[in-house]
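These protein sequence lines are chains A and B, in that order. Note that this note's numbering has the first sequence beginning at 1, numbered continuously upward. Note that this note's numbering has the second sequence beginning at 1, numbered continuously upward.
Please note that the accuracy of each hint is not assured.
Heads up, simulated DSBU-like pairs for lysine-lysine below, C-alpha to C-alpha not over 30 Å straight-line [said to hold, decoys possible]:
1. K81/A x K163/B
2. K90/A x K163/B
3. K318/A x K163/B
These are calculated hints, taken from the structure and not from any lab test. The structure presented is a predicted model; accordingly, all values stated were derived computationally and were not measured.
These are the residues of each chain, in order.
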Amino acid sequence: MARFRTSGWSVMVRVSRTGIVFGGLLLAVAARADAVAPYELLDRMNEAVRLLDYEGRFVVQSGDRLDAMYIVHRVTQGVEKERVVSLTGKPREIIRSDQAVACKLAGRDVHINVGLRSNGRSFSPLRGVSGSQLDASYHIEMLEPGRVAGRDSYQILIQPRDELRYGYRLLIDQVSALPLQSVMFDERERPVSKMMFVELRVDRAITPIEHDLSAMQLARADPDDYLPVERFAPPDWVFPELPPGFHLNVHRRKALGQTAGEREHFIFSDGLASVSVYVQPVGNDAGLSGVSRLGLAKAVGRIVDGYEVIVVGEVPTKTLHWFAQQIQAAP
Amino acid sequence: MNDKQSELTSALLDGELDPDTQEHAISAILGSGRQELERFGRYRLIGDVMRGESNILASSMSKRVHEALIDEPVVLAPPARQPRQWLRPVAGLAVAASVATAAVLVAPQLMTQPGDQGGPVQVANVPQVTAAPVLVAAGGSASTQASSRAEPGEMRWQAMNEKLENRLNRLVIEHHEFGGRTGVNGPVPHIGLVSYGSR
Chain A
1 MARFRTSGWS VMVRVSRTGI VFGGLLLAVA ARADAVAPYE LLDRMNEAVR
51 LLDYEGRFVV QSGDRLDAMY IVHRVTQGVE KERVVSLTGK PREIIRSDQA
101 VACKLAGRDV HINVGLRSNG RSFSPLRGVS GSQLDASYHI EMLEPGRVAG
151 RDSYQILIQP RDELRYGYRL LIDQVSALPL QSVMFDERER PVSKMMFVEL
201 RVDRAITPIE HDLSAMQLAR ADPDDYLPVE RFAPPDWVFP ELPPGFHLNV
251 HRRKALGQTA GEREHFIFSD GLASVSVYVQ PVGNDAGLSG VSRLGLAKAV
301 GRIVDGYEVI VVGEVPTKTL HWFAQQIQAA P
Chain B
1 MNDKQSELTS ALLDGELDPD TQEHAISAIL GSGRQELERF GRYRLIGDVM
51 RGESNILASS MSKRVHEALI DEPVVLAPPA RQPRQWLRPV AGLAVAASVA
101 TAAVLVAPQL MTQPGDQGGP VQVANVPQVT AAPVLVAAGG SASTQASSRA
151 EPGEMRWQAM NEKLENRLNR LVIEHHEFGG RTGVNGPVPH IGLVSYGSR
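For reference, chain B alone in the conformation it holds in the complex (with noise of 0.2 Å):
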């Protein structure tokens, strides 16, 4: 169905077309085939529902989308961000044509130096970016560190009765999975309260 036929369709069950153009949209969709009937008879039945001139399937509809909603927490962080792919190649380019211009700019200086015989020219003392890592929790360092640390992995919670200590487990389990994961911990937001209780 196009877009056209479509407007048609909709404008008819809405009862704004004029009686000449009915038909025509009638005849239409009869001789469409099997495929735009359907789709007229979903239209419809949409339009039913939703003035609640269908009570069976509204009622069940209404049920279905209440059971859906249950529980269902209301998200408030903002729209994932969507990767500007557009602004690599214009920041490459941007980039690229300062460097250009600062070669236009320095180039003449660089090719008149004072002193200069023509020999090699040393442009500038580029430093070697070594990146050079800030080691902050690696290594053997790091081991030791862990090791002599004075907060042990604790397996159970402490000073609890079961009944407490089995809701704190939820309410962490909850935790994980209603904040969602990003994979800074590791793969499985539960792995610390799993790998606890191993001995």
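Extracted from the complex, chain A is given alone in its bound form (with noise of 0.2 Å):
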């Protein structure tokens, strides 16, 4: 009987370490309310990217290459302008003006433009999607804190449930948000490849983008952007079955000069990677047909009925296969 006596001060000090445990455990739970919920950090580093003034320097590595960009990103009455310019090799650039998107690529007299008539919004797929979507197709965890370009940085992880797309490590900045270090890897968790900034300032002392009137003019709208198109008629093309977790996000006409028809595009995405879908009808030279890359972009073509189809996207080759296996004509 003795070992169940207890006396009333006994009683009083495993009442007040009790109190202290639980009283720990509830810190312990009011603390972890408050941490970061990364579904939610992943929403403010898609605002953030679109939406801040910032300027920096970071790397880039795919494979063996390794290259220094800068980049100045500014918003301006609602508008991105944006410059990005390689640090290292021959010299090549994107500028982002309020009309449209220019990239002067190595050993091309001419740069590419593309008009912005419909990106104002800054549409993002992962603004579209809810976590259970997100959980579908990706294990989403927060990691051990990390400092990137001398910035203090919550860590994520996010690995793919199947082999249709690719991982992410990032590190984004605790305070505004951007992503500081990405690493993208593949199904066997190998790096495919990796952004680090090394340098970065932001809402403050930003270069303004407008003073390089050169570059800005390189941004102008395309003519064929303003011929019309039958915005809303419905898709000429359907896909019976899409991959697990995509969704089709957008679907758009462009006019191919005033002779040449349109070409559809559609937009799958399931949230974090995105697929397009080109088709247009065949044309004089010689069509994309079976599997291409440059860096991490991928494309697939084929032809379907005399129409041309292109997949471009940065997802694992056999994610682009079935979009391109799967497409036909509308009944």
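Put the complex together from the two separate chains, hints included.
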């Protein structure tokens, strides 16, 4: 009986200890509730890259290639302006104005100019998906915080649940929510590409892009962008079965000059990865047949009923093949 | 203009007022100052354009709307999620309440544990939550893997004529621009495209 005897003092001590322990647990729970949720963080990052003013230098690695780049991004009266310049190798540049985005590629006298008439809203596929949708395709978890470019960062791991998409490990600035480091990896967890800032300034003393008038003048709307198209006409092509997790996000048509017909553009996304499917009448030049790649981007091409189908994306090749094989003319 | 006045103006322009009330509405508009007169003018103009009674303006506006819609993609994605700000405190309270309930239920058992003589109470073996990172692609091993990767970053589309190459470059840019940016590959969607033309 003695072993069960309990004095009033010891009860008080144990009650107070228990209170401290559970008080601690309560605090821990409260702290956990205040911790950053991964989806919220992805949302914040998603907005930060489009809405903040920032300037910095970063490196990009893929395979044995390593390049240094400079970026300045400003938002003036709701319009994004941006300039990205290569600091290594032959000069290359991306300029984004309120009208268009222009890419000057190495060894090319002409630049590629794409009108931005529909991009003023800075559409983002991530904004349109729910946590449960992302969960269906990815396992997302927070890792230990890190530090990049002298800035404290959250670390988030996004692992694909199948082999139809890549995974990501992101280090996101704790203050601005800008991505400071990104590693994209394949189904065997081998890195496909890496990006890392080495210097970043946000919202202060950002170099005005408008000062470089010659650069801004490059980014002008393409005259073809103004040709009328049947915007609300239903798609002429269908995809009976989509890869798991992918949904149609955008359908658009673009006139191909005055006489060459139209190109239909479908954009599918699982919230993070996107795939574009282009369909247009077969032209005079040799079309794409099979697979080709440029850096992270891959393309798969085939001919269907006299139309050229090109599938583009930064996803495993098997995913591109899925779309290329599924497309068929609408009944 | 208050709501009542707005309704009155709207009804006046729609011809829904009896003569007496019409007079009252007109007097109110005339007596309410320049701002309200301008508002009345705008309402009237909108009505005219919508009914096609202002040919010049209607034509001009129709043209502008048409131009604005050219090449606008049909965005099929659902609208952005609204963050449920109220959920966090509610969830926090719910979890806290659960823990408090557990404390009430478990505490008496802890206090009357057999064999306990009032010594230190070990509540539980709380595992150390050491967020051991699943190292996927970082550090030295990642570099090794990257360099041994069989798929190097090509600087040009493989086996392409220049015309097709230019076309594919454009399609990739359009893919990034119209597909939207998420930030997972870095701040700029075209980094991959531009960083491979260097050598």
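Inset, instruction - Please write out, lowest number first, the hints stated earlier that are contradicted by the structure. - result: Nothing - there is no hint that the structure violates, so all of them hold.
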